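Trainee: Chain residues, written in single-letter form:
Number of protein chains: 8
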Amino acid sequence: MMQHSFVQPDFERAKRKGVPEIIYAESKSAEQSCEIARLFLGRNGRAILSRVSPEQEAQLRVLARDMSAEGTEIAFEWYEAARMAVLRRPKGVVPRTGGRVGILSAGTSDLPAAQEAAVVCREMGCEVTTSIDVGVAGLHRLFGPLAKMLEERPKGAEVDVLIVAAGMDGALPSVVSGLADVPVIGLPTAVGYGLGGQGKAALYSMLQTCAPGMAVVNIGNGVGAAAMAGLIANRAAAARRAAQEETGDE
Amino acid sequence: MMQHSFVQPDFERAKRKGVPEIIYAESKSAEQSCEIARLFLGRNGRAILSRVSPEQEAQLRVLARDMSAEGTEIAFEWYEAARMAVLRRPKGVVPRTGGRVGILSAGTSDLPAAQEAAVVCREMGCEVTTSIDVGVAGLHRLFGPLAKMLEERPKGAEVDVLIVAAGMDGALPSVVSGLADVPVIGLPTAVGYGLGGQGKAALYSMLQTCAPGMAVVNIGNGVGAAAMAGLIANRAAAARRAAQEETGDE
Amino acid sequence: MMQHSFVQPDFERAKRKGVPEIIYAESKSAEQSCEIARLFLGRNGRAILSRVSPEQEAQLRVLARDMSAEGTEIAFEWYEAARMAVLRRPKGVVPRTGGRVGILSAGTSDLPAAQEAAVVCREMGCEVTTSIDVGVAGLHRLFGPLAKMLEERPKGAEVDVLIVAAGMDGALPSVVSGLADVPVIGLPTAVGYGLGGQGKAALYSMLQTCAPGMAVVNIGNGVGAAAMAGLIANRAAAARRAAQEETGDE
Amino acid sequence: MMQHSFVQPDFERAKRKGVPEIIYAESKSAEQSCEIARLFLGRNGRAILSRVSPEQEAQLRVLARDMSAEGTEIAFEWYEAARMAVLRRPKGVVPRTGGRVGILSAGTSDLPAAQEAAVVCREMGCEVTTSIDVGVAGLHRLFGPLAKMLEERPKGAEVDVLIVAAGMDGALPSVVSGLADVPVIGLPTAVGYGLGGQGKAALYSMLQTCAPGMAVVNIGNGVGAAAMAGLIANRAAAARRAAQEETGDE
Amino acid sequence: MMQHSFVQPDFERAKRKGVPEIIYAESKSAEQSCEIARLFLGRNGRAILSRVSPEQEAQLRVLARDMSAEGTEIAFEWYEAARMAVLRRPKGVVPRTGGRVGILSAGTSDLPAAQEAAVVCREMGCEVTTSIDVGVAGLHRLFGPLAKMLEERPKGAEVDVLIVAAGMDGALPSVVSGLADVPVIGLPTAVGYGLGGQGKAALYSMLQTCAPGMAVVNIGNGVGAAAMAGLIANRAAAARRAAQEETGDE
Amino acid sequence: MMQHSFVQPDFERAKRKGVPEIIYAESKSAEQSCEIARLFLGRNGRAILSRVSPEQEAQLRVLARDMSAEGTEIAFEWYEAARMAVLRRPKGVVPRTGGRVGILSAGTSDLPAAQEAAVVCREMGCEVTTSIDVGVAGLHRLFGPLAKMLEERPKGAEVDVLIVAAGMDGALPSVVSGLADVPVIGLPTAVGYGLGGQGKAALYSMLQTCAPGMAVVNIGNGVGAAAMAGLIANRAAAARRAAQEETGDE
Amino acid sequence: MMQHSFVQPDFERAKRKGVPEIIYAESKSAEQSCEIARLFLGRNGRAILSRVSPEQEAQLRVLARDMSAEGTEIAFEWYEAARMAVLRRPKGVVPRTGGRVGILSAGTSDLPAAQEAAVVCREMGCEVTTSIDVGVAGLHRLFGPLAKMLEERPKGAEVDVLIVAAGMDGALPSVVSGLADVPVIGLPTAVGYGLGGQGKAALYSMLQTCAPGMAVVNIGNGVGAAAMAGLIANRAAAARRAAQEETGDE
Amino acid sequence: MMQHSFVQPDFERAKRKGVPEIIYAESKSAEQSCEIARLFLGRNGRAILSRVSPEQEAQLRVLARDMSAEGTEIAFEWYEAARMAVLRRPKGVVPRTGGRVGILSAGTSDLPAAQEAAVVCREMGCEVTTSIDVGVAGLHRLFGPLAKMLEERPKGAEVDVLIVAAGMDGALPSVVSGLADVPVIGLPTAVGYGLGGQGKAALYSMLQTCAPGMAVVNIGNGVGAAAMAGLIANRAAAARRAAQEETGDE
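Residue numbers (the numbering used here), protein chains in the order written: chain A, 1 to 250; chain B, 251 to 500; chain C, 501 to 750; chain D, 751 to 1000; chain E, 1001 to 1250; chain F, 1251 to 1500; chain G, 1501 to 1750; chain H, 1751 to 2000.
Heads up, a few of these hints could be off.
Simulated crosslink set (DSSO-like; lysine-lysine; CA at most 27 Å straight-line) [to be verified]: (1) B:K265 to C:K648; (2) C:K515 to B:K398; (3) E:K1015 to H:K1898; (4) G:K1655 to F:K1341; (5) D:K898 to A:K15; (6) C:K655 to B:K341; (7) F:K1405 to G:K1648.
The hints are simulated quantities; they were obtained by calculation from the structure and are not laboratory data.
Only a predicted model underlies this, so the values are computations on that prediction, with no experimental measurement involved.
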């Protein structure tokens, strides 16, 4: 069997940290990606890969097909905008935690980061509500989706946390943080050109927010935003479940 | 008479450029500031000074009092937040041009830059409407003042241009530019700390605005914002005046 | 019909903001670009696309030809330097507003940004006068074109606003702003190498201008410069038209 | 009564956002600080001020003494390291929410930011556990305090969120995020000299964390870290309270 | 014979400096690389090349094969991760100095820099012990390998110096420097994205270490880290050898 | 006699390099400054000090007075704007070399740097022509002074080199370099605020000049600009003197 | 004939400025480059092109061959390292001015910039002496070549100016400036990686030189360094020629 | 007894790490500094303080005098340039290790950093040889002192490591590293102005050194340079001592 002297997969992370290991495919060959995916499928019944290249995607599809043909049923899920792949055996299905995450994005170009965050949140068991292209250039489009996530829900049934993705001016997260009473995670995206381009202005603006109740992750780090959001939502959901368990048959 | 070998005041700027010369007092002694003010009072009947120190302020007051005592009536106008001074003889009164400038600021700390812009716009003959502390942390406070400057006025009687001052996240100008149909001048202010502090995040965010119809000046450059706004408003006003003159008895 | 869950075209922008929506093609596939262009052609009779790749250009040409063959006459206009495309039905012809914009560029390499600005200004109904390659390395070439835009015209018939594009040292806009009595928009271009290259020195220099009456947009943002200039010129032109309408048969 | 044309205190923020308004005293005079504090005491029974200068501190003490002498009992609480003041009437006492926040700091110099965060968390009703000077130069000191906040507590009784303050290399938050299964807020402090000094290296390092489950605030922004942590902890606590209310007499 | 007017190989460097000349292949053609390698083989019996492209690798293999076929036995050694090549004649074998270097890396992506350092240390005659993927996201994996290099060895038989490679947050070297009593060389790697990416955050964090006893080299400079480490280890080893020589038959 | 273990004055620099040693007083105490000045007066008959504080100035005046009273005649020359001092014995008078340097400055605030350059050029024996406040905000003021330095002089009698000092936008040196046929030295000054302030924009713009024939020194480095200019002018002058000597009786 | 509405070649630059126009080919098509070259050949008998791509090189060779075949003899000169081309008719031969320029480079990788400078100096009529690969890693190699340019020549026959090209640490120009008594032009090159890479460290270090008598140009700007050096050398040479003409029969 | 809830002195650092704890006085009050000094004197017989203010110095002197008067003999050692203090009881005398460190500085202004490094090396038991003001502006002064530290000593008796302090251009460490065959630690100092000032250019240049065998610490970090150097030298010295012990009667 192939030796992995330079990789030590952290199979226990999901248990220890509450965040599953995400295989960052960017710096790996297609063969390495498949091999590591196979290891995780064996141990945890699930392999999650981010930043997957077309060539890696093709080989991962082959892997899923071949393993299925050999009798180990593997579902292959593909997220085009985020370029993420999830391979899953039946035992790898994630139970719903009851955590609730809302995701907003300022523009269409922020979709890859927003989708990456959505996929990871779902793999942490959360329910995800998304609304895209609601940035400050046409602010009237924000209020409806935001109300659907917050005020229009019964007290206690709002989303537990918001992820707000934005590039360019990065203004949307501050606007949302000024309106919402749940924690906000600012997710700057590498959108923009010239001075402050590639997400730098967006990140700076979020760090300087005048609306407290927001923290940020690095540019394009949808995985990091989701890990934070998932931990927040799942802790609140755990308390709700504890309550339900005690009150019994709800 | 004292010789000014290293200063060549540009007495003709107002006529040539449509923007009066503003004496930048920061790098000058109190004596130099007074002497240059006296020169402008003699030639143009008006001296405008920005970034005036307490010591300079005191000596300029004395200058105005002494000249008045000597028979040349000098009005001394002082703007505390902007630390600007205007000394004026009767002939230095600026005729109203009919130009209209709206000024918005995100927070109380942006007041010095906003007031600096307001003073210069008025010295260019414009009518100025101002609304302070309407930033995105409490966005509901923006809509009223903005409507008073734009939609609630008769068609053609709106402000001709908006100056929007903001520090920290610099989000307000983008929000306003997404809502308003007049040109917007973003005026970043040196408010904020840490990464992107001292106005850098605000400037970057404005340069990256996703709402076209905005241009920016440098951090804290209220004079520059006003010069641009005044030129814009006065050109529109000149066309309106030309119309009124042709139609006669208005 | 194809679903556009992640794009919400802002058909009303031209009406609300006075600036038409420009489709930024860079982050879109050729198919997406064509589909969005088709939507705008249906609603507004016009689609404007910037940063168009050769492949997108080819497919847009096919789209125009096919739609024409199907009976909907579509004109395809192509601007090579700016790589912009305008598709237009007869109802998409822009009425002249009477606004006047002058565009100057320092070097030949600034042409793409200058042309991008010119196209957008014309799509806002403005008359555009352009002069290329008049930078400070041979300053004598500036004075003629500038005079043609300003002093040599009758009072009130000058251009309403100047866009000055420059890369490298970014010195031309400051020189022009010291000479002209109309508002100047500095448009830095991504020309230059080494420290301060890619337009950074140009932008910094424009932000630091010692000649008030200028505001700037981000590096290479011809669309933004044009939106600002178009709003300025069209407001002055509206006042002129109001005058003419009142005086009657002119 | 004194007029506040340039300040519009947001009395409703605590209710709307779940985060109380913190008066940032740095850019205000001692008189202004006292006046705003008095307004908040009147409306909300509590005034919280950050970045308080010695002169402001002295006048606020006088204010509290004088108001008490006039019959309105005012408690004055002073936090030396953070230089924060809380003035409180009996009605301004914050009910405990049951939210739990853990705060760790790498060095003694990080104390001001850590204390600022602790004060704000307590004013949001949270229980705060703190451990100072447990940075990576002597890592053995970390494990005990961290275990007291997490593993040594009964399941569900751990802290809900950790704030980890660090300057210089900013390594501690990443180490903690690799060990803890609750969300971590990285709070960089302006400690350090030379390249990457004043907290820049710390912030960069936290943004680049290889241990997902962490988000960050700007350098020295103890208030922002606390607002985020308080929202997270109070949401979990609300679910716990809901459970307890349903189960009745617990 | 081919003329080398623009290259002056420093054949004496190994003798003068104690560090062999490493041919930096990146800016050279395949032909130039081969020619310089041949020169060094002739003079020193060994040629070491770093940053070798696939094309250069192929031609160097041919060179080794051809020279061997011509009767000069050349061993070709290839290091895939580092993309380094060593060509060696029998006389080019490096005698063991007794110097001992430990190399740790935070993640798998740091392998190229770590391997580059290991190769150069070995070419300086040192014994190298390596442990990969022991970063702070799973700190428990560090203690074992570190103990094998330090405490578990007899007094005086520890490694003489540690090289610690890390990208992203760059936290590992500070953690190691807080634990180890030998000099530590921080080797930042160009791993990471967004703000502080490409190794910048890692380098900043290492420069700001709060654990004295560490110095750093530039991002990705495995050769430089090894040169420093080799000099340190070999000086200690020389003293040990001197001792052994004096005591005789050991 | 006092020992100078940490200072090794380079008495031979003027002879070896053609540039006199300038004592940089900023990091020295008043006593140290006086002591070093005394050493240079003894050896070279002249001491030149830059960045002199008021306290240092006072003590240097005392030193000159006391030495004169003791019989060694010392002239004390003071340059207020540059804050430079020259102490001189009769033997320290610099012979005229015939080198010619022209110095231009954009604004009044650039005077300190311009004067520093002028003083050092004169101490290198050059003839200096200066014109202040001729920047691009009022470009018409440039042409006269420039013509006096160049075209209006007989062929060969122009200045040998131009130093052009400018802060803020730094546009003047590029304009001059486009017009002049002598080498230009760009001297950025620490004038300006906000982004690109403190001379950064000026330096960047000069490095990016589109008018070849210019090189630059660091911000505020009047001494460096003068050293370069003096070497250039004196080399040309030496050739002229050689010519005159050969032709004899001039 | 083809129209050049966007290019205005400055045919008079060589006469006006003493520096020939260099066609910067990087941003031009092969056709445009050939057309402009043809224009200059017609007017000035010479066309100089920098940053020439392989495709442009091929077409320029064809142009020279074709024009020669048509009876206009064109010499094609190619400089591989600098990627520069000079096309020349007999009348385009540059007369020797007698100016003398020395060029030193720190490493082999600095050759392109050094050669670019050498070509332009020669096209300005100067005699150029070059020495490559004499950087501080092996300082002993510097002294010989430097002495050949300076001390070993008769008084007055030294090079008039030195260009010193260096990347990475940029230390060589400061070392040379400390040794030489002629003006030094620092030419940073885009060599180096990691922090301060791509020539940034080299430029910074040169701007900070502690050895006065040096000015710098931007990274990789061999043309700019040569223009400055050529003006310096030619001015000294003109004085020498004037001397020789007066003394007659030399 | 006073409680130190926020300080946990690391009394065991010297034993565990081989580097003594240095009390960084900058962020502490005079009282705190004295109290911590007293604690270390009690435990380790020695207290080392860096960045000591005049007020702290005065109180530490009083502390030493008072403790001596009370019968505990305390020696107070003061290093003016570095502003460091060492308080010592007889048992706090450091035994000589035999480690040898050479320290060079480029200029007089680098003295504080160089002296800080020297003091710490001596407190680690090393023998220190220092040479100040030997920078590249007068390179001839370097060779003598360097030879005294290296070649002129018997084989094996050279210094074990060199610290080279330099600000401004930071060229000296690279020059030294090209000449010396011992490890070099580059110590940039906060000397220099304008772009790359405050030590940034020096640090960048050292990181980019083309002479392998050097590593660097942050700007002004004399303590860090010394800790690294002391570990290197003491390890070599330990091997030498082991040799001597084995050979016996030396």
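Trainee: Which numbered hints does this structure break?
Mentor: Violated: hint 7 alone.
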